[in-house]
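If you're matching them up, the sequences are chains A and B in order. Just so you know, my numbering puts 49 at position 49 of the first sequence, and the rest follows in order with no gaps. Just so you know, my numbering puts 418 at position 418 of the second sequence, and the rest follows in order with no gaps.
For the record, the hints were derived by calculation from the structure and aren't laboratory data. From a predicted model like this one, the values you see are computed outputs, not experimental measurements. A portion of the hints provided could be inaccurate.
For lysine-lysine, the following DSS-like pairs were computed, each having C-alpha atoms within a straight-line distance of at most 25 Å [as the list claims (entries may be wrong)]: (1) A:Lys-10 - B:Lys-307; (2) B:Lys-307 - A:Lys-14; (3) A:Lys-106 - A:Lys-88; (4) A:Lys-10 - B:Lys-302; (5) B:Lys-49 - A:Lys-88.
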Amino acid sequence: MIDIRNVTKKYGPKTAVSNISLKVPAGQLFAFLGPNGAGKTTTIKMLCGLLFPTAGTVRVGGFDMTDQGDEARRLISYVPDQPYLYDKLTGREFLQFTCDLYRLPKAFAQDKMREVIELFHLDEFVDDLTERYSHGMRQRTVFAAALVHEPKLLIADEPTVGLDPKSIRELKVLLRKLADAGTTVFLSTHTLDIAEELADCIGIVDRGRLLGYGTLDDLRRQAAMDGSLEDLFLKITEAEPVAA
Amino acid sequence: MDLASTPTLELPAVVEPPERTADRQATLFRDLRFRIARNSLRTAWESGKVKLLSMLGTSLVVAAFVFGLSWYGIAELFAFKVPAKGLIVGGLFDLMFFTLGSMLLISTGIILYASLFTAPEARFLLCSPARADHVFASKFQGAAAFSSWAFLILGVPILVAYGIVAGVPWYFYPLIPLYLLGFVLVPGCLSAMAGLLFVRYAPRNRKQAVAVLILVAVSILTYWLVQFGMAARSTLLTPKKNEVEGLIGQFALVQHPAMPSHWMTNGLMAAARGELGNALTPLALLWSNGLMLYLGATLLAKRIYRKAYDRVAGGGSAKRIYKSSLLDRFMEWSVFYLDKPTRILVVKDFRTFRRDPTQWVLLAIFGGLLLLGASNFRQYYKNDLGVMDKYAVSLVNISATSVLMCAGLSRFIFPLISLEGRKFWILGLMPIRREQILYGKFFFAATISTVLAETLILVGDVLLGLPAGAIAVHAVTVALTAVGLSAINVGLGACLPNFRETDPSKIVVGFGGTMNMMIGLLYIVIAIGIAAVPMHVAGLTNALKNSGGNLPLWAYAGLPPAAMAAAIAVVLPLRAGIRALKSTEF
Chain A
1 MIDIRNVTKK YGPKTAVSNI SLKVPAGQLF AFLGPNGAGK TTTIKMLCGL
51 LFPTAGTVRV GGFDMTDQGD EARRLISYVP DQPYLYDKLT GREFLQFTCD
101 LYRLPKAFAQ DKMREVIELF HLDEFVDDLT ERYSHGMRQR TVFAAALVHE
151 PKLLIADEPT VGLDPKSIRE LKVLLRKLAD AGTTVFLSTH TLDIAEELAD
201 CIGIVDRGRL LGYGTLDDLR RQAAMDGSLE DLFLKITEAE PVAA
Chain B
1 MDLASTPTLE LPAVVEPPER TADRQATLFR DLRFRIARNS LRTAWESGKV
51 KLLSMLGTSL VVAAFVFGLS WYGIAELFAF KVPAKGLIVG GLFDLMFFTL
101 GSMLLISTGI ILYASLFTAP EARFLLCSPA RADHVFASKF QGAAAFSSWA
151 FLILGVPILV AYGIVAGVPW YFYPLIPLYL LGFVLVPGCL SAMAGLLFVR
201 YAPRNRKQAV AVLILVAVSI LTYWLVQFGM AARSTLLTPK KNEVEGLIGQ
251 FALVQHPAMP SHWMTNGLMA AARGELGNAL TPLALLWSNG LMLYLGATLL
301 AKRIYRKAYD RVAGGGSAKR IYKSSLLDRF MEWSVFYLDK PTRILVVKDF
351 RTFRRDPTQW VLLAIFGGLL LLGASNFRQY YKNDLGVMDK YAVSLVNISA
401 TSVLMCAGLS RFIFPLISLE GRKFWILGLM PIRREQILYG KFFFAATIST
451 VLAETLILVG DVLLGLPAGA IAVHAVTVAL TAVGLSAINV GLGACLPNFR
501 ETDPSKIVVG FGGTMNMMIG LLYIVIAIGI AAVPMHVAGL TNALKNSGGN
551 LPLWAYAGLP PAAMAAAIAV VLPLRAGIRA LKSTEF
């Protein structure tokens, strides 16, 4: 589903992502971990076609994000760390806009809207303007919009920030279910226990480079140690010498 | 596995064929704008009818004021036997449309840049299947509408006033909105294309490139305005045919047949003369060129918008260490009379301002206008003006400087509280009283505006050779105007903040900004009317009686009530602002 090959991204003279290659097959839940400023969000933005690689190629569903971005984006849903909603639309109008943007058939869209409203418990506020929503309500609405068109790839950047424990639990169950049903989930997070609990495959990135990649056992082998993901993460990222 | 052989996934099923995507998205964005406008109007109506009605009322007052002024000016022109009257009206229209077009070029460009490259909505849409040209078109229409409302409010009353005075045929009036709407497209699209191309292809060190472009543009404009001012002055002093032609000659550029502003003038003047056929040709020219440019702009956006966005987002420069500069220290020194915490707030505002390149463009325009004012000084010195001229010119000077000050403060000071936006909690949690935040902004604005305005007025008055009493009255008037306007801008900025908006251009043209501008202009009329007009009447009376002695005591009678008016202008808005700020939750 995701095929990133030798991708480098430079911000002027600064290299944000350096020669990263990774593949995520369909139906896998991939956790992308790294310290602040490691290059996670830049990689995600290239996956969405918001940024273009300085070198290398990014393919989603077989579509090259540079040349066939419009086709690829129809397969993708992106939930950013700071979700965007139109303040002067209601939650329902926003969902409808999303359905129309993804050109869903009308009857199908109505069914899907009903489904996600129920799934994310939006009933109580879905007809209010989103400017009155709390952070948690906004996050749930954005997730509902992200899933309403049944994406093949769901990219979520720190999706649990601002959610209450119950919502986090529900979100974890949902992400796992989605992956099991065939949706590829690309999850960027700092919450290592979520990654440990959910991920099929984990990538650890630091200073723009992919330092670890594989299942938890693969990472243990790479780090030559047993232990929790937190231990592995710290060992892998701290072992990396600071570039001169 | 070879990349080229990677199988592509089947896209989700849709109702209509893919080739209809463009139509569908265009409709979708149109519906989105309609829904947002409808919901905004509804919430505005439900949450505060007064606000909505005040907004409407303010617009009507502005339009009525412009109409009254235009009607008077045009009626005077028609009443007196001014040579080449038709040429003058045509020249003035050319100049007006050219000036408004230039303003549209700048304002649409600034708003569009923010909407396309820095707004969270742009990021959201670019991550969706929305086509780049549709995102651009949607943002362009919003930016053009936002930047052109002032154009419509100013343009329509002037043209209606001309129509009434000149007794034009009925079809002149319905043609006005058609012409104005068609005209808006041209500068808007040119600005959009230039912006896209600049962002996509300009060298990496864009700041320097922008600075050079602005300097060149301001220099050309200043040179032309100086030439125009000299020609206008000659015409006023000796209104003969040669001088009038000399004045009209200054419009050579704006009267060029390829200028859309000239098409506007030609068409509307033809309609006024009753030549409907000749009126429709320029209209068709305007719309066809406008629409062609719009198509060109969307096509360009389709090709380069995403790449341009990538360039803006990825256009980091070498790591730069920001330090305190000499300018910051000068700013702190200039408000030495404040306590340390307030001085820190002043320097914070100044530093934020000087590090925002989008503010520089407007500052350059204001700088250009100030230079233009200063350039007149040499003319005063060279020309031996009569006493009446001196008083008239100095009154125009003080009025123009005050209006410029009002515009500058509205643009740069009024949005300051709004721009604190979601970061307001930082100030809210600081160990300072909240009124200090406002005092900081007030003293920052008052210091800069007083110093600049006093310099301009005093130098002008001295070169004009006004008596010491008149100069003193002007000095006090300008100080009262600067201080009062600063308080109005700071106070109303706190009373009518727009914490959701991050673009100062939009804050300024919103409800609060418009109210602020109107109140500011009203205050200028009051301050100058009370403080300076008695002195000017006394000076002119002296001139008429050829008694060149000192001004009578009543010439200064306006100063105490003007000081009272200034005190009210300072106390009321600041008090209301402090109250609003204290009750602000974060």
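So which of the earlier hints does this model not fit?
none
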